[in-house]
Amino acid sequence: MIRSLIKDYGVTWLFHRSLYFLKLKGLLFFPKLEVLFEKKILIKRVDIYKCKNIKNLEIFLNELSEKEKVKIIKEAEKILIGKIKAFSFLELDYGNPIEWNKNPFTNQKFSLKDKWYKIPDFDKEKGDIKVIWEPSRMSQLLKLARAYILTKDKKYYLNFSFQIKDWYKKNSYSHGPNYKCGQENALRMINIIIAADIFRKYALLTEEDEKYIKNILRDSYKKILSNFYYAKNCIKNNHTISELVGLIVGAWCSEDKKMVKKYFKDLEEELDNQFLNDGGYIQFSFNYQRLVLQLMEFIISIKNELNLEFSDKILEKLKRSILLLNNLINENGDVPNYGSNDGALIFPVTSCNYRDFRPIINTLYYLLEKEILFKKDLFTEEIYWFSSIEEKDLELRKERIISKESKKYNESGLYTLVNNKESFMMIVAQDLKLRPSQMDQFHIDLWHNNINILCDTGSYSYASELGKKLSSTQGHNTLKVENIEQMNKRGAFLIYDWIKLEEIEWDTKKFKGKYYSKNGYIHQRNINLKNNEYLIEDRVRVKRKELIGKKVEVILNTPCEIILKEKEIELLYKGKKVASILTNERKVIDTGIRSLYYLEKEDINVIKLVQKLEEENKFYYKIKLY
Numbered sequence: 001m002i003r004s005l006i007k008d009y010g011v012t013w014l015f016h017r018s019l020y021f022l023k024l025k026g027l028l029f030f031p032k033l034e035v036l037f038e039k040k041i042l043i044k045r046v047d048i049y050k051c052k053n054i055k056n057l058e059i060f061l062n063e064l065s066e067k068e069k070v071k072i073i074k075e076a077e078k079i080l081i082g083k084i085k086a087f088s089f090l091e092l093d094y095g096n097p098i099e100w101n102k103n104p105f106t107n108q109k110f111s112l113k114d115k116w117y118k119i120p121d122f123d124k125e126k127g128d129i130k131v132i133w134e135p136s137r138m139s140q141l142l143k144l145a146r147a148y149i150l151t152k153d154k155k156y157y158l159n160f161s162f163q164i165k166d167w168y169k170k171n172s173y174s175h176g177p178n179y180k181c182g183q184e185n186a187l188r189m190i191n192i193i194i195a196a197d198i199f200r201k202y203a204l205l206t207e208e209d210e211k212y213i214k215n216i217l218r219d220s221y222k223k224i225l226s227n228f229y230y231a232k233n234c235i236k237n238n239h240t241i242s243e244l245v246g247l248i249v250g251a252w253c254s255e256d257k258k259m260v261k262k263y264f265k266d267l268e269e270e271l272d273n274q275f276l277n278d279g280g281y282i283q284f285s286f287n288y289q290r291l292v293l294q295l296m297e298f299i300i301s302i303k304n305e306l307n308l309e310f311s312d313k314i315l316e317k318l319k320r321s322i323l324l325l326n327n328l329i330n331e332n333g334d335v336p337n338y339g340s341n342d343g344a345l346i347f348p349v350t351s352c353n354y355r356d357f358r359p360i361i362n363t364l365y366y367l368l369e370k371e372i373l374f375k376k377d378l379f380t381e382e383i384y385w386f387s388s389i390e391e392k393d394l395e396l397r398k399e400r401i402i403s404k405e406s407k408k409y410n411e412s413g414l415y416t417l418v419n420n421k422e423s424f425m426m427i428v429a430q431d432l433k434l435r436p437s438q439m440d441q442f443h444i445d446l447w448h449n450n451i452n453i454l455c456d457t458g459s460y461s462y463a464s465e466l467g468k469k470l471s472s473t474q475g476h477n478t479l480k481v482e483n484i485e486q487m488n489k490r491g492a493f494l495i496y497d498w499i500k501l502e503e504i505e506w507d508t509k510k511f512k513g514k515y516y517s518k519n520g521y522i523h524q525r526n527i528n529l530k531n532n533e534y535l536i537e538d539r540v541r542v543k544r545k546e547l548i549g550k551k552v553e554v555i556l557n558t559p560c561e562i563i564l565k566e567k568e569i570e571l572l573y574k575g576k577k578v579a580s581i582l583t584n585e586r587k588v589i590d591t592g593i594r595s596l597y598y599l600e601k602e603d604i605n606v607i608k609l610v611q612k613l614e615e616e617n618k619f620y621y622k623i624k625l626y
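Numbering (this note's numbering), first residue to last: 1 to 626.
In short, the hints are calculated from the structure, not lab data. Just so you know, even glycine gets a beta-carbon here, dropped at the ideal spot from N, CA and C. Incorrect hints may have been included.
To be verified - Computed cross-link-like contacts, EDC-like style, restricted to lysine to aspartate or glutamate with a CA-CA straight-line distance of at most 20 Å:
#1 Lys518 x Asp507
#2 Lys165 x Glu125
#3 Lys152 x Asp209
#4 Lys214 x Glu305
#5 Lys44 x Asp272
As the list claims (entries may be wrong) - Here are the computed distance ranges between Cβ atoms for each label pair:
#6 Gln611 x Asn410: 24 to 34 Å
#7 Lys510 x Thr12: 21 to 31 Å
#8 Asp114 x Leu535: 50 to 60 Å
#9 Ser311 x Glu422: 31 to 41 Å
#10 Ile548 x Glu502: 45 to 55 Å
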């Protein structure tokens, strides 16, 4: 395994990871060593974010339908009694007042007295630590702010005020689960700052509020500083960027101009490393791509306070990232459930569903180009939170219509075959020079009339057996050899023995790819688009003789209902035939699970085309759309 890690991740990564391991071991035996990693912090100001559009925001919210207004108020009312929508979907009761260390699923609590490094990421009894982190991200404070803007009812401000004081009093610096992750501290800082500014605009914020906000910012900034080594040298993903944003905010609030410039420069370098030239994101996940884009809309909105701006290179990369997502978006704003999905919507400042990507795409595109991609709708609200656009100006702007088209994103490993404006297929084919997150090589995601006919099964929970299963080969629409994964995995995230992509051919009507798995086989997938039909051929060649005789399957996950016929599988959605799979292969229909939201699951159907593995096998099937 060590040799594989060195080959896939590099000696430098392994060196830094080993140093961090030694740090944690040292802290366990010599807790006083922690002071060596810490710095004294003095927070002098907290108003880095200034909502420039409070009047238009107020107008927008008051013009919403009664149904939407009721939704905003109802959710805020639940927050008042500790019922919080975790992962943008799941309403959980954290108690009143909120028990900041409690997992409502298991009713177990993490200790608030233990040092952060003594607390495990995944505890079988207490459950997924991400459930505990949700209220401490403080995203719910933005929902209280929205309800106040709409109603002017002071109880929403009073609850905001109570939550920040209560959180500070119960979460002592460096102790408990809420000081374990630097990213969580960064998101907490940002959300408190944004919500505080709204209440400040209405002259509600008191000196006592400001004091507690400064205290939380001080300790959160201190935490990020003390452990940033890990995010920078070992993680190198959205955590790194979140923490850099937290460092920029912390340095500005400390009036440390020198460090603001340094962290901003580091952020630019990290963005350059993490955003690929074709618009893709290093983590191969649309969920995490959106998280980082939301952080960037925040940074761009405070650029005047920082007196700093991104280079043209970074702005172009962000624009390409938006356009990539825009090319994969459906009419309802949904995109393929691609890559790790932990329900992260850090700024819930619209009435849109969590899976709607239009708010961030529209807002960031406006911030970059002063143009909008979509006509005014619910998702428009996010523009008012992060820009100074006037209502009359927005009304005059026409949407920039960008047609969906077949495209290849070589660096990102994404290829699309667009049949027409109603139908497209996304194919995953990653040339793994970067750390993979799932066993999804040659996964196909098929959409027709906004229905995800062939789907990715999602993540569910990083701390569960189901989550491991959904991220494995069988959770994707690809080929699987019995008891064999595309790559090998240790723990929740460490994938090694990366596949090797051997060839790719693509044009607007065709895809052909081949990869070699170090677990002993070669998979080739050919796809041809003709009118409303996708003709697919899968070939598998054995490289290890001991695999011969095993079962090999083409797996197709679908939320559709199924009617099985001799040479056809009919796919129905809400009773209407939407597609059929025509094949002479042996067909097995099984049940499966899909997770569109973290810790949420639903039953789906799994189609398996089955053969007995020989030295070389071929599968032929045709997907016809109606």
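Evaluated hints:
Taken as a hint, the lysine 518 and aspartate 507 pair is broken in the structure, with Cα atoms around 28 Å apart against an allowance of 20 Å. Straight-line distance between C-alpha atoms of lysine 165 and glutamate 125 comes to about 29 Å, which puts the hinted pair past the 20 Å bound. A distance of roughly 19 Å separates the Cα atoms of lysine 152 and aspartate 209; the hinted pair therefore holds under the 20 Å criterion. Between lysine 214 and glutamate 305 the CA atoms are separated by roughly 18 Å; this keeps the pair inside 20 Å, and the hint holds.
This hinted pair does not check out: lysine 44 and aspartate 272 have alpha carbons roughly 31 Å apart, beyond 20 Å. The supplied range of 24 to 34 Å is met by glutamine 611 and asparagine 410, whose beta-carbon atoms lie about 31 Å from each other. Between lysine 510 and threonine 12 the beta carbon distance is about 39 Å. The supplied range of 21 to 31 Å is therefore violated. Checked against the hint of 50 to 60 Å, the pair aspartate 114 and leucine 535 passes, with Cβ atoms roughly 58 Å apart.
At roughly 39 Å, the beta-carbon separation of serine 311 and glutamate 422 lies within the given 31 to 41 Å, and the hint holds. Our hint of 45 to 55 Å for isoleucine 548 and glutamate 502 is violated, since their Cβ atoms are close to 21 Å apart.
Violated hints for the displayed structure, listed by number in ascending order: 1, 2, 5, 7, 10.
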